[in-house]
Amino acid sequence: MNNSFLLDGEDVPFIPGQTVMQAAAAAGKYIPHLCWHPDFTAHGSCKLCTVKIGGRFATACTTRAAAGQEVDNRTEELTAKRRTLLQLLFVEGNHFCPSCEKSGNCVLQATAYEMGMLSPHFDHFYPDRAVDASHPDVLLDFNRCIMCELCVRASREVDGKDVFALSGRGAKSHLIVNSETGRLADTDFAVTDRAAEVCPVGVILKKRVGFAVPIGQRDYDEKPISEKAVGKVADGVKEAG
Amino acid sequence: MVIKSMHDSLRIPGSQEDSVAAAKIATILDRHARDGTRLVQILREVQDAEGWLSPATLSAIAEGIGWPRAQVESTANFYSFFHTRPLGEYRILFSDNITDRMLGNQDLMRSLCQKLWLEPGHMSEDGLVSVDATSCTGMCDQGPALLANYRTITRLTPERIDEMAHLIRRRVPVGDWPSDWFHVEDNIRRRDALLDHGLAPGEALAAALDRGPAGLLGEIERSALRGRGGAGFGSDIKWRSCRDAWGDAHYVICNADEGEPGTFKDRVLLSSYFDMVVDGMCIAGFAIGASKGFIYLRGEYRYLLDRLETRLAQRREAGLLGRNILGRGFSFDIEIHLGAGAYICGEESALIESLEGKPGKPRIRPPFPVTHGYLAQPTTVNNVETLALAALIAVKGGEWFRGIGTAYSTGTKLLSVSGDVARPGIYEFPFGVTVAEVLEAAGAPDTQAVTTAGAAGSCLSADEFGRHIAFEDVPTGGSIMVFDRSRDMFEVARNFAHFFAHESCGFCTPCRVGTAVNARLLDKLANDHGSPYDLDEMEKMHRLMQGASHCGLGNTATIALRDMLAKFRPAFDRRLHSPDYEPGFDLDAALSQARQMTGRDDPGAHLTDNLSAHAGETPSEAQP
Ligand SMILES: Cc1cc2nc3c(=O)[nH]c(=O)nc-3n(C[C@H](O)[C@H](O)[C@H](O)COP(=O)(O)O)c2cc1C
Ligand code: SF4
Ligand code: SF4
Ligand code: FES
Ligand code: FES
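Chains as they are written, first to last, in our numbering: chain F, 1 to 241; chain B, 1 to 624.
In case anyone wonders, no lab produced these hints; they're calculated from the structure.
One thing to keep in mind: the hints can contain errors.
[What the hints assert, rightly or not] Capping the alpha-carbon separation at 30 Å, the derived lysine-lysine pairs in DSS-like fashion look like this:
id	chain 1	residue 1	chain 2	residue 2
1	F	Lys172	B	Lys396
2	F	Lys29	F	Lys172
3	F	Lys228	F	Lys207
4	F	Lys52	B	Lys540
5	B	Lys540	F	Lys29
6	F	Lys172	B	Lys540
7	F	Lys228	F	Lys206
8	F	Lys161	B	Lys292
9	F	Lys172	F	Lys223
10	F	Lys223	F	Lys161
11	F	Lys52	F	Lys223
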């Protein structure tokens, strides 16, 4: 049997062992995602990549591609679900995009535009989350954390440091750092760590480089994420073999 | 519990007290061979010794087991029964299932708080005691119940609460409180094939050894036994795929987490039929080729731990457990792990994570536990009742078992019946029994509604009581909660919504945020700010969470709510303030803090009209 599946009716080839997400990205097809990144093990938690395979919901980033699969991706039903998921993430944290250093480079914001999300819709939770400015080179603004654990995985899998972990349960889930004081300055985190680069939103911010690129000329100001992301990712996946 | 309370936080490093604490922690760590997979057990024992888990304690444990500190903190903060801040010498947790509420637990909790001069959730100013609510403790047939320093007390009355306040103020240790308070009844109301088994300890195990693994698996297959933990998975298929999976070792796990609100049948099996459960585990081990098993006992059943461990020791002496069982060359031993207050740890992959010392977050599946379970080895997870039934089948055979129940649901089912019934307790019925027959047996003449799978399943109205309890009609893990016509089904829905918001593990977006949104929407209705729009929002959350959630918790968390919205609509409509959109934010109420601070309560300090212009701005609330 030929190693390909149908994504919204189009043929997508895959290498056995690849997930639906990996195969789609390699073929230049965009499946919305937040917690997935080509360089790290899949996490399957944000659920933005929820697709319908043979009529059943599944996450594209954790489901292995199989020959003959029929995968629905950019349908109105799924877009509506993804919009609701994004709204939930927006109200769960404190996202004031106009004053956020990440605006324009933020995957959450860009995905929200892509899904046609016009308002947060639900009542805001306004959680009380402190900012950690202790580290000389990096600021942590937990208000924007979406619990994707990309920093957790980058620190563990690439930096070999385990600087970050998700703590708490349910709505009380929150990111912590690896020190008794709870301060980033008291960990072995360095601005050169991979974990300093991966945050899709505006939590892990380098000091002294803020607003270097003016808003309006940033990543997703140029092109929507559906075009931008697949370009980047397709390269990554190809390189990774 | 030996607790040194408040001044622990002020401990001076290097002090004598510090080194005593360090020595205690070292002893506990050594007892667990400094093995990080035992972290949940280590944290519980250290907390028992120290009173709470201070930042320094967590660092010491992390160093002891060689884990990153953040991971130790992550585990400690996941479980409700671990505290990373001091909560007093006495920790009182009122069971807060809807059945406890129907028996008046809220008045009792308020009264205890008043007598002790404290606010729920906060420690008294002298650092002596804290009072809070906790999810269902599995005593719905003899509630209202509470946990005092994690020991179960049943049948609370205003008099017991009075006396408890006295005992706490006089600093009488919980172990010296009146012993009848701790008495837990079995309340078995109807016995059938399992509860009337008449077998001696080890008899079923001997029968299984006689049959050999293949013969035994054949009988399980003939019996058509399906798992009693909820999903109804075929036990023979699970055991065979586990047996066939390649691994260094195979494991059997007995799921005794029994967290579903309204279930308590596993409690009774563990209390009074423990030999059947242990026989069942040994039999499962024999079938799949395992030599080690775990019982994951929910933290709420802490009171059973010593008794069960004693019984395991007796069985080892009698040659019914451990090396060379019954002299037949088969070796299998069992260890009990205690949970620490997390409903999600009943989900089998979350349970395994917890057994490995981690937060109980469900794994990505596949791979399934039968191939990659405990320590990534082939593992079969079965409910307590499933294992006891396997023991029965080993003796009596599959054909016999299949003769009981219905074609798709063979055998009997233990039902935990509670709520508005004359005789709450355990009813063993063959599958196929109607809901009406169960109600009749329990004495429930005036029933409005029945939830048939705890908070996570359907809610039936009177016209459906002719339906049959069976996987093919009304599936159940055994929790049957009964509500008579005097009950407000809105309050049932609200209690369930808060339960799920509290118990969501937080891993995936739809469940973590969706359960919190639902709890807020129901609170909004309860506070007279509801509109039909909010009811539609709950339907929307249902459609999202069912399908997009990562595990069974999120996928089932809105089923009862949806049923209640459909079948008991007037209970919700009554709460609606206006037919149009209503903001959840009450500006005048938000000013109450300012009034309190300025000591004003005159008309000028109040807003007269409802400023609904501030739609969508809700002040952050304390989590339920
Ligand atoms: C949120 C959640 C909680 C669960 N709680 C329990 C439980 O307390 N006891 C149990 O036996 N199964 C529970 N289960 C089901 C288990 O995942 C698993 O299916 C079961 O233990 C398998 O045993 P069985 O095949 O004997 O039914 C739960 C599932 C979910 C999703
Ligand atoms: S800090 Fe950023 S990368 Fe880390 S979990 Fe939060 S959102 Fe994800
Ligand atoms: S559905 Fe809920 S309990 Fe299950 S993984 Fe998601 S957040 Fe956790
Ligand atoms: S990208 Fe797949 S679940 Fe987050
Ligand atoms: S724009 Fe700031 S986190 Fe997305």
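For each hint, the structure was consulted:
1. Lys172/F <-> Lys396/B: Measuring from Cα to Cα gives roughly 50 Å; hence the hint is violated.
2. Lys29/F <-> Lys172/F: 35 Å, violated
3. Lys228/F <-> Lys207/F: Judged against 30 Å, a Cα distance of about 26 Å means the pair holds.
4. Lys52/F <-> Lys540/B: 18 Å, holds
5. Lys540/B <-> Lys29/F: The hint holds at about 29 Å.
6. Lys172/F <-> Lys540/B: It holds: about 23 Å lies between the C-alpha atoms, which stays within 30 Å.
7. Lys228/F <-> Lys206/F: Between Lys228/F and Lys206/F the Cα gap is close to 23 Å, so the pair holds against 30 Å.
8. Lys161/F <-> Lys292/B: 34 Å, violated
9. Lys172/F <-> Lys223/F: 35 Å, violated
10. Lys223/F <-> Lys161/F: 35 Å, violated
11. Lys52/F <-> Lys223/F: 27 Å, holds
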